[in-house]
Amino acid sequence: MTELLIKNGFVFDPINKINGEKMDIAIKDGKIVQKVSSKAHVIDASGLTVMPGGVDIHTHIAGGEVNTGRIIRPDDHVKDVERKTAMTRSGTGYSIPSTFTTGYRYSRMGYTTVMNPSMAPLQAKHTHEELNDIPLLDKATYPLLGDWWFVLENLAKGNVEECAKHVAWMMDITKGYAIKIVNPGGLESWGFGHNVHSIDDKVPNFCITPREIITGLARVNAMLNLPHSIHLHTNNLGLPGNYITTLDTMKALESVPYNGKPVGHITHLQFASFAGDGWAHFQSASEEISSYINAHNHMTFDMGQVIFTDTTTMTADGPFEFSLYELGGHNKWVNSDIETETSGGIIPFTYKKNSPVNALQWSIGLELALLIKDPWKMFMSTDHPNGGPFFAYPRVLAWLYSKKAREITLKHCNKKAQKKSLLPSIDREMSLYEIAIMTRAGQAKALGLSNKGQLGVGADADVAIYDINPEKLDIARQFKVARKAFKHTTYTIKDGTIVVKDGEVVNNKTPGRTMWLDIQTKNPCVIDEEMKRKFKQYWTIEYDNYPVFEHYLKVPQKLTIKASV
Amino acid sequence: MLILIPKRKFEVPVQAACISPDVFKGKVTAEIANMPITEGNRNLKLGDLFEIQEDNLEAPYITINGDVSKVKRIGSAMKTGEILVNGDVGMHTGEKMAGGKITVNGNIGGWSGSDMKGGLIEVHGDAGDYLASPYRGTSTGMKGGVIIVDGKVGSDSGCYLHGGILKIKGGAGRFLGYHMSDGVILVDKEVDVRPGACMTGGKIVITGTVEEVMPSFTIDSVKPKVKIDDTTSAAGPFYVFLGDLSEHGTGKIFVNKANNPQMKFYEKYL
Chain A
1 MTELLIKNGF VFDPINKING EKMDIAIKDG KIVQKVSSKA HVIDASGLTV
51 MPGGVDIHTH IAGGEVNTGR IIRPDDHVKD VERKTAMTRS GTGYSIPSTF
101 TTGYRYSRMG YTTVMNPSMA PLQAKHTHEE LNDIPLLDKA TYPLLGDWWF
151 VLENLAKGNV EECAKHVAWM MDITKGYAIK IVNPGGLESW GFGHNVHSID
201 DKVPNFCITP REIITGLARV NAMLNLPHSI HLHTNNLGLP GNYITTLDTM
251 KALESVPYNG KPVGHITHLQ FASFAGDGWA HFQSASEEIS SYINAHNHMT
301 FDMGQVIFTD TTTMTADGPF EFSLYELGGH NKWVNSDIET ETSGGIIPFT
351 YKKNSPVNAL QWSIGLELAL LIKDPWKMFM STDHPNGGPF FAYPRVLAWL
401 YSKKAREITL KHCNKKAQKK SLLPSIDREM SLYEIAIMTR AGQAKALGLS
451 NKGQLGVGAD ADVAIYDINP EKLDIARQFK VARKAFKHTT YTIKDGTIVV
501 KDGEVVNNKT PGRTMWLDIQ TKNPCVIDEE MKRKFKQYWT IEYDNYPVFE
551 HYLKVPQKLT IKASV
Chain B
1 MLILIPKRKF EVPVQAACIS PDVFKGKVTA EIANMPITEG NRNLKLGDLF
51 EIQEDNLEAP YITINGDVSK VKRIGSAMKT GEILVNGDVG MHTGEKMAGG
101 KITVNGNIGG WSGSDMKGGL IEVHGDAGDY LASPYRGTST GMKGGVIIVD
151 GKVGSDSGCY LHGGILKIKG GAGRFLGYHM SDGVILVDKE VDVRPGACMT
201 GGKIVITGTV EEVMPSFTID SVKPKVKIDD TTSAAGPFYV FLGDLSEHGT
251 GKIFVNKANN PQMKFYEKYL
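Those sequence lines, one after another, are chains A and B. Mapping of the first sequence onto this note's numbering: position 183 corresponds to residue 183, and the numbering continues sequentially without gaps. Mapping of the second sequence onto this note's numbering: position 113 corresponds to residue 113, and the numbering continues sequentially without gaps.
Hint data in this document are derived by calculation from the structure and do not stem from the laboratory. Computed from a predicted model, the values in this text were never measured in an experiment. Ideal Cβ placement from N, Cα and C applies to all residues, glycine included. Treat the hints with care, since some could be wrong.
[Said to hold, decoys possible] Interface residues of chain A toward chain B, partial, derived using beta-carbon atoms under 8 Å:
# : residue
1 : Arg70
2 : Ile72
3 : Pro74
4 : Asp75
5 : Val78
6 : Asn331
[What the hints assert, rightly or not] Here are the simulated DSBU-like pairs of lysine-lysine, each with C-alpha atoms no more than 35 Å apart in a straight line:
#  : chain 1 : residue 1 : chain 2 : residue 2
7  : B       : Lys189    : A       : Lys332
8  : A       : Lys416    : A       : Lys373
9  : B       : Lys117    : A       : Lys84
10 : A       : Lys536    : A       : Lys562
11 : A       : Lys332    : B       : Lys79
12 : A       : Lys84     : B       : Lys27
13 : B       : Lys7      : B       : Lys169
Taking the hints into account, I'd like the entire structure generated from these sequences.
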């Protein structure tokens, strides 16, 4: 079939320890191979940077809350309209782009795999319908299981094995990829107008604490041999002083056996690293958090960087969105309770440079990324669209690889925030190798995607080629040139096909796959009469209509996992 | 500078954001006639739909003679210069306008002056719904400038008003000044129900009549007159209502006492 040869590029492939070496990459039938025939189409990449296709571990691009966000924000769509071209479909949306536009924009930046991190099981069908319509990318989605009644019931009884079987069943019927936990216990409490404020608070009606939910599901994760760890949005997120909860959570996870594979991933760490006892005394806790992380290896993280722009925050953490509603001057707000599963909240928000809190949040995200020494632990994200839209990633990268870029932005920030910021004392400027780890290799490794994030023989032929010549361009000094290059690739190659050339989409026949886990337990989860009765009593959907079958996915990719229970 | 005359009656909407003194400035007539414009789903040139004549006025000045009630976005985002329309004009006229003047000798369509930041729109006729109201979903509307309407205005006028002045010499439809946070609205005739719903600031002055104010407003005082802008004020006396309390608002509605005897019962709460 098709053969491609990428000649003479500067290759950055951290998984195979290739750091800017000039070499050729051969592609055949959608995979990286040793060599190709002389008939192969040659891409001359001399003077260009070649990296594996980007991987995003956490980006809200599909599902119930994303779509509700679109509905309440016509003002977001009118300011960013993409016209139809011969190759692409039209679309709208700045912070919540429509499905096709999402695919095109990611692909133009060199991304080829993205993970949708929060899907209420009840909205699984909707989520997959949207994922089906996001072209050019491989996708997967994480069902929200941290406040799912059957999980809480089983863990409260101490029945971890039964819980594991249940989670395996849930992955199958929601076509999910990893266990997502959002404010464990807090969302169940929110259904009754409460929240939990530490990991040892009791969840109403269930005799269980957030600590038990987190460690219990981490054990379940290990029993099922899931490729990714538990994907955790911590308690007390977005509140001053919450770094103590974050530290407690990380310490609690030390109790879960660690065998070299991380036991947990704390997402959008910036929102979980606030110190101070109120908004007036808001402080950065990046030092405390990063020094703990530097001394421990059992977890991975992503940034959740804030961008100064108008965006739409959306999370399953309903109580957090309520506090944002109170804080942000009563903007329009969506609050929902999703039956027995989770909650949800959406609120438009503008991060402002002149706000002492927002400016310091911007600083905290970068402090964390720079103070955590090992890039294999800390990945780049904006928690799209909560911290800012994903197409602002090149700006985040510029702040990471250029102190000059940071200084210029900090100069325009609120004076109080400038004084509290640690950024002036940090000299670290990331190399392209470290950037490649934070944007693809590390994320693919944490997700357990062995065919992604690397260019070794046998890997998926997902490649991004940027117009950066590492021999000639000093990215730290000329950060704007590199930032522009990261915005639009010279080539993006998905499964061995050129999908983007010179920043323009040139292929519309690559829908991308939806990955899901088929977990084989020794005994399958028994759906007994009691469970069906509960479905009848507490769900608005009949049990028989609940599962998402494989035919529902446009291009499914089943990943079979052997569980140890 | 230029006179535009529609060549025929338009049946479907025409999008003409290019009709603006800022865009025309420095261009010769042939260039202007060549500017893109759409009629329905057809891409056309300005010269296909309008006859363009030059006049001897020097200032950036556009005159439109004829019915352009199907033509949208005239004077969009204009900063300087003047547009005079002798006839009815369509929707979104003067949207995002920052300066200059639009005079309409006829009626003006809905959403006119939407997101306006400065300048003056004078309408010697009636205005449609959503006068000076921002795009759907936007929480900050008109920020500055003045709109004067000789006739009546439709419903939802001055939504999310955040600055500037609306002077309406006729009546106003329901939900006048919905969610407004600053600025002034003056209405000289009858106002339909629910003026100032959800308002958090600014003032609505009703020298004409209004059936009632919403129960989420509370009577504050009776004042002999109220300031409209730096040079003018309206003579009362006025009942002053504070609200909208359901939004913790501190907006004010001034209702003429003499023209609204049905509100006399409020005086016992003073």
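Cut-off 8 Å, beta-carbon criterion: hint that Asn331 of chain A touches chain B: 6 Å, holds
Hint status (Cβ of Val78 of chain A to nearest Cβ of chain B, threshold 8 Å): 5 Å, holds
Restraint check for Lys189 of chain B with Lys332 of chain A, where alpha carbons must lie at most 35 Å apart: Status holds; Cα separation ~33 Å.
Agreement of Lys332 of chain A and Lys79 of chain B with the hint, judged by alpha carbon distance not exceeding 35 Å: Judged against 35 Å, a Cα distance of about 31 Å means the pair holds.
Pair hint Lys117 of chain B and Lys84 of chain A, alpha-carbon separation not exceeding 35 Å: Distance ~31 Å between Lys117 of chain B and Lys84 of chain A Cα, so the pair holds.
Pairwise hint evaluation, Lys562 of chain A against Lys536 of chain A, where the allowed Cα distance is 35 Å at most: Measuring from Cα to Cα gives roughly 32 Å; hence the hint holds.
Satisfaction of hint between Lys169 of chain B and Lys7 of chain B, Cα-Cα up to 35 Å: 33 Å, holds
Asp75 of chain A as an interface hint toward chain B, with CB separation required under 8 Å: 4 Å, holds
Restraint satisfaction for Pro74 of chain A [CB to CB of chain B, less than 8 Å]: Holds - the Cβ of Pro74 of chain A comes within 8 Å of chain B, reaching about 4 Å at its closest.
35 Å Cα cutoff - pair Lys84 of chain A, Lys27 of chain B: The given pair, whose Cα atoms are some 30 Å apart, holds under the 35 Å limit.
Restraint check for Lys416 of chain A with Lys373 of chain A, where alpha carbons must lie at most 35 Å apart: 27 Å, holds
When the least beta-carbon distance from Ile72 of chain A to chain B is tested against 8 Å, hint result: Holds. Min distance 7 Å.
The structure fails hint 1 only (numbered hints given earlier).
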